[in-house]
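Asker: Take a look at the letters that make up each chain.
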Amino acid sequence: MAQYFGTAVEDIFNTMEERFLPEGTVDVDVTIGYNISGEGGGHWKVTIKEGTLKTEDMDGEVTDCTAVLNANAETFVGVTLGKIDAGEAFSSGSIKVDGDLTVLIAVLPKAFRPFKPVVKASSIVESVEERFRPEKAEGVDIKIGYDLSGDGGGQWTVVVKDQTCALKDVLDDDCTVVMRMEAQVFVDLNQGKLDGATAFTSGQVKIDGDIGAAGKSSSLFEKYVAEGAVEEQGEELISLKCVPSINQRYATGPLMGTWFNGLKEKKFYAAKCPECGRTLVPPREICAQCRVRCNELVEVGPDAMVTLIDVVYYASPDPLTGKIRETPYTALFMVLDGASRDESFAHDLNPRDIDRIKPGMKVRPVWSEKRTGSYKDLLYFEIAD
Amino acid sequence: MEISYENTKNCKVMTGKMALPNQYFAGRVGSKFIIALRDENKILGVRCEKCDKVFVPPREYCEKCLSKLDESWVELSNEGVVMNYTVVNYNDKHLPRRAPYILALIKVDGADTPFPHIVEGIDVGDVKVGMKVKAVFAGETTNTIRDLDHFEPV
Amino acid sequence: MGKRNRNVGIIGIGQTEYSSHKEHQNQVEMVNEGVRYALEDANITLDDIDCVLHGNMELFEMVHQPDMWHSLGSGAYGKDQLRITTGGTTGASLVCAADNLVASGMYDVVMAIGMEKLQEGHTTGGITNMADPLWFRHLQTGALTATTATMMMEEFGEERAKRAAMKYRIMMDKHACLNPRAHRRFGLEYDQTDDLMNTSPQLVGELRLIHMCSQSDGACVMIFASEEKAKEMCKNPVWIRDHITVHREETFNNFGIEMPEMTHHYAARKLFERNGIKNPVEYFDVFEMYDPSAWWGLDWAREFLLLKDDEHIKLLEDGEFDLDGKLPINPSGGVTASNPIGATAMLRPAEAAMQIRGDAGPQQIKKEVRHALASGFGGTLWSVLMMLEKDLDWQEV
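Chains as they are written, first to last, in our numbering: chain A, 1 to 385; chain B, 1 to 154; chain C, 1 to 397.
These are computed hints drawn from the structure, not numbers from a lab. Hints may be right or wrong, so weigh each one.
Okay, the calculated bits of chain B under chain A, using three or more residues with CB under 8 Å as the criterion [as the list claims (entries may be wrong)]: (1) 15 to 28; (2) 31 to 43.
Within a straight-line C-alpha distance of at most 16 Å, the following computed EDC-like cross-link-like pairs (lysine to aspartate or glutamate) qualify [claimed, not checked]: (3) B:50 / B:70; (4) B:64 / C:50; (5) A:206 / C:194; (6) B:64 / C:194; (7) B:68 / C:40; (8) A:206 / C:195; (9) B:32 / C:23; (10) B:64 / C:48; (11) B:42 / B:149; (12) A:241 / C:23; (13) A:358 / C:250; (14) B:32 / A:235.
Which chain A residues face chain C? A few, computed with CB under 8 Å, are given here [as the list claims (entries may be wrong)]: (15) 65; (16) 237; (17) 239; (18) 244; (19) 247; (20) 282; (21) 311; (22) 314; (23) 333; (24) 335; (25) 341; (26) 342; (27) 346; (28) 347.
Here the structure is a predicted model, which means the values were calculated and not measured. Just so it is clear, CB atoms sit at the ideal spot from N, CA and C, and this is done for glycine as well.
Pulled out of the complex, with its shape left as it was, chain A reads as follows (with noise of 0.2 Å):
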């Protein structure tokens, strides 16, 4: 198909039905003819009816309508687009128009919106070299599959590797992610008509591998902008980054002081209600319920019976340290032996039990060699065999 500034004649015509404005031709009745002449050319017939829009391929010449316009292909799209003056095309006799000429100048603006080229998914991933920023990619090496399906579809891997980018029209098994979505989804998501959260999250998007180097891809290429279309140019919009950052000092008191420093000795304390006779750990002062203080510590554990499991995928960073956490984890609630049913205790899982963990499981907690007395000393539980 020839295209003209990367658009067909076709695509013109195509495009009329969703870019048909039936409130601005209630009043309107015309016929208009196109024949456009050259390579991708044809014949068009375009009946504007009191808000209805029909669009004829026809097989010859057209005549007979209230207008008719005739011009190359090139000429014709290059009006369309905006790219070629179209009073200039008038004048020098490229586009001629025979009959009501005022049909072209009056009802055509108000019948449709502006005609925007379509950009294909190939058109985007074939540009990626072009795109790559080298001076951001230091140390990156990874590799990024795309799978798109639908019309305009297809697969691609974009390497990335010692500040270099290479494309492939193949779908490495060896990619570090792959993102797999309709191709007009990625159109979508590269020309910020889509939000890419939205996108993932309502399942449009589907990735393979890891996430985080989806997310981090996107940083090494500079954003794709379409042949011909201009970059708008949006306000400076101010923002200003900082890290607040407070130091703080908490004092335990009595009893969890006598937690952390039983920790240390590979033993958990509870504080027992004297009304309800329930183990609050780790211990606090008050009952909540009986509303009493409590005055009486006992030791609960270090065994526990798991009652659920948590698996987390969903990788938070610690907002202390900024660093991600390995995924997937496991988060554990448990019941400490000889604590109160209805009194959960909650850990971490050993990563090596993840598979075989179920409610249920006995467990035992697993210590630091080096214990200070603080949460450090209680690495996680692991299944008691």
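Following the hints, put chains B and C in place on chain A, whose structure we already have.
Answerer: Okay, now just chains B and C, sitting in the frame of chain A:
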């Protein structure tokens, strides 16, 4: 084990730290103010006709009568008057200068509201209420109010 | 009941659009937008307001006294102002506080502002710092857990539970698509159920990305007046009948061998008992629920409506929570659609009140809405539950 709340043997202090990344947006009105400081070394305010007040820094709506102000820009003088001041005598990492330095409320000519800024070029003991000062703009931008680096005596 | 000194009516509601980003506004300007809409809605001016309440999440934008800064746009200049920050329940607590202040006779007209600009802060970090710093802060990683999903799959079977949670999620999206202010409007269809429940990325266990609430920017503002003032100033005030706030210890000890009564259930039981509500599903015409995830939304319907066994799942499966069902849930689209956290719990009574007024917009329930229920949620299980009425004709119990 009986709990003795008077026995402080086990009491200790645990340290913590909170450090969270934030970003704040100045908005359209605030951005115009900062960009004018940065690119043109001009101090812009907005006038509320109804309250007959000129606010600086500018705001989108009048805080008293809710009139929309973002079209009523006024260019203010780079000179003003010290309305009040304090001398900062301690050092901390978040402070913009080494102590001692002068933090003053300055009302630039043409404005009705003073704003806080640093006064330099004078001994901290010599600053006075009513003193005339002028703005000195920063060589390097931070895209903040500190693109106006400090004020100094006229 | 019986302690209410005088009745309180909702006379104005203002909401910004909810969105993931608002670079064009600073916090003050966003608050101001909500305030202007509320005053416009009530057809009054700042002169009519006696007191301003302000609420957002502590730590989320890391501004120490946001109510002070925001007074440049909140209208608090020259008026009494209080700040309320009770975590996820903030928005609901603001409404409770406004009601208490007006009912007590302290003020005649109170304006309450809930706001959040989550784009400006670090939500997960903020939440982590709310856990007790001695012990739980070191274990907590934000507000994500799949314990409810696990328990529901255990109770109702994996397939039915997963399908029901996804139906709930898609229903919420359908409601959100009608609501012009809603943040996330995906256009999900029920035939995507199988695909989404199996392929949406897992966050924690069976809690998947699609199930979880959004992070939004926005402000919600409501104006409250005494019965006398409300009748004088407003054609169709919506009346606050009663509300209850229930807290549990701020720890992670809720998942033992025996589960304690959930705060939501306790709140509903107490509130309905003292108001003589025997069958909440029959009585209420709409329920706006604080549903941070699809799993929680569905599970909590059982708690708040005092349902047994799988009654809540049946109601969902039968379409009774749809806009044309017996008890529509979240015509607004709920929290999975829009979640400006300090305002989120206020969006619930705000939407419920608009449903009663009949001017909620495209998501308006077709049949008459006379009795509305609205909930708030926060922390490690705090509940606020509130009843709104169209007419002042309820029976004292």
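Asker: Report the numbers of all earlier hints that the structure fails to satisfy, in ascending order.
Answerer: 6, 13, 15, 19
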